[in-house]
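Chains as they are written, first to last, in this note's numbering: chain A, 1 to 149; chain B, 1 to 439.
To be clear, the hints were calculated from the coordinates, so they are not data collected in a lab.
Just so it is clear, the structure is predicted and the values come from calculations on it, not from any experiment.
Be a bit skeptical, because a hint or two may be false.
To be verified - FRET-style restraints, in silico, Cβ to Cβ: (1) B:135 to A:60: 16 to 24 Å; (2) A:39 to B:64: 29 to 37 Å; (3) B:374 to A:95: 36 to 44 Å.
Glycine is no exception: its CB is placed at the ideal position from the N, C-alpha and C atoms.
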Amino acid sequence: MAEFRRAYGAAPWHLLLLAGCFAVTGWIALRLAGEASALRMLLWFLGAVIAHDLVLFPVYASLDRALRRALGRAGAPSPLNHVRVPALGAGLLFLVYLPGILGLGDGTYLAATGLAPRALLGRWLAVSGALLAASALLYAARLLARRAR
Amino acid sequence: MPASPPPPDDAPSAAPAALWRGLARHRPPGVDAADRAWRSPVRGPWLTSVLGAVLLATLPLVIVTGLLDWIAYGPRLDQAFPRDVGWLHPPVFDWPTRPAWLFRVTQGLHVTLGIVLVPVVLGKLWSVVPKLFDWPPARSAAQLLERLSLLLLVGGILFQTATGLLNIQYAYLFGFDFYTAHWYGAWIFTAALVTHVAVKLPRLVTALRGPGFVRTPVERTRPEPADPDGLVARRPGPATMSRRGVLALVGGGALLLAALTVGQSVDGLRRTALLLPRGRRIDDGPTGFPVNRSVAAAGVTPEQTGPGWRLTLRAGNRTVTLDRARLLGLAQHTAVLPIACVEGWSTSQTWTGVRLRDLAALVGAAGPATARVRSLERAGLFREAVLHGGQVTDPDALLALRVNGVDLSPDHGYPARIIVPALPGVHCTKWVAEIVFDG
Ligand code: HEM
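Next comes chain A alone, as it looks inside the complex (with noise of 0.2 Å):
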């Protein structure tokens, strides 16, 4: 048991449940491996954690560093939450709303529907900066609280 903890690095039952999740996805593997398009869906599954680690984080990683290197030091009450979560707010609603926003199902809308698709960029600019105008004014109302204090 020790010898085998030694060499493997885990307890026996970890690498039978490790074994047990790569069945099933080689099961599927196999299973798809015929279908035509087992190879986009595979380049989909691998493009998604690479667009999220390799692309989605360094961006919003880098932005927040330049944004925390303009607005670090400013003064008391720091502004720099009050860019980020609008803006963290608009990111995600564009992340999430993104088929729609850039109209990317709109033919497909109307040709299902017979409605013509509604230009949702527009909205989510509205919303986002309905977030933002929120954020700044509770700001304002914190440097007034802070002046009158």
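Given chain A's structure and the hints, the job is docking chain B with the ligand onto it.
This is chain B with the ligand only, laid out in the frame that chain A set:
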């Protein structure tokens, strides 16, 4: 990570030691810089575990409601997609008709919760992201396997979320079959999640005893004590947000998404789904509720649905043909029933028409085992749907002719459509031409 990994700088002890030691020594350019760049003082096992606990409590709901969607399609009637799934499926049963809101709730939860959890997933990934760039990538075979399984875990949730989000927004950019991909993706993700939870649960429970939820001002926010997993930054910078602040930010993101999504499923709030295609009524009239597929898209023509339209009922070798006037002359029944789309949106309306069981009796099939409903539509995937016996005999199961006191509009299925309690919208066949009762 195995249950008790060696501290980051220890010499690897697992065999083959030379391999792991060599890997640790050959640091590719950039890893040291990356290592120094992790400065956030709030990253640590407590924050990661709180976010993990939220996902542990909610993701099973997303998984189960997803599997229920597959069951609701009717695998026993060979109608669930993908069709041939081998042994890997949940137990199948006939989808019930009661409560009538069942599918509205399960599928609404699936899609809404899936959307609302996006910031929690992103927050959780942020909290562990230094581990992704860790060097060496593994110090034992156990760690290597575990990291590979994390690829399945992270890839799985991102893949499910991306395909789901594209699907509900009509953007089928991926170019593969949604059902097949989302179904098998779900199993890969579920297997990886079970593995991950089994390995990490003890750590999660201990780590939750950490800093706790008490209010700590930003200036007094300190890193957690160094942890064996190396989540806590070795050179933390000054705090710009407290741990509570980070959780509030994630929670606020979830609330924001919830506020902009529930309108898909709640009639009074429809217009609040500002950024989703289903946050929309066609008009303010009685037939202004959302439409997934228009009569034009279905290729059904006014000639087909005009005075020449006939409904054909069959059972065995008996056939009955009815025009719309005769149908309106039969006993009419009115029921308030939701129509709930597989894409998560739903709406409740007042439908009037002939009970399906009355139509069955009309062709001498009092207790049919199934009813095969055919539409005038020629091409769509759902031009035909099979109902099981319980769905035919439910007292509220209707061939609807009217809705909210007026005739169905062409887009809602005029001259006649199926509406059955708790039946997924795709099987509430519109522009019905024929019903074949069996058994
Ligand atoms: C944890 C991640 C998820 C898991 C494990 C999961 C699992 C499932 C499963 C097993 C099904 C049934 C598939 C079938 O019938 O072939 C399903 C259906 C569906 N899922 Fe998910 N899902 C996840 C996330 C999401 C998200 C985030 C969305 C969208 C926002 C989404 C949207 C849908 C839709 C629209 C369907 C119905 C498809 C249809 O029947 O036409 N899913 N899901």
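Practice task
Indicate whether the distance between the beta carbons of residue 39 (chain A) and residue 64 (chain B) respects the range 29 to 37 Å.
Solution key: Given a distance of about 30 Å, which is inside 29 to 37 Å, the answer is holds.
Exercise for the section: Go ahead and decide if the range 36 to 44 Å is satisfied by the Cβ distance of residue 374 (chain B) to residue 95 (chain A). Expected result: holds, 42 Å
Exercise for the section: Check the following: the C-beta atoms of residue 135 (chain B) and residue 60 (chain A) are separated by a distance inside 16 to 24 Å. Expected result: holds, 23 Å
When held up to the earlier numbered hints, the structure conflicts with none and fits them all.
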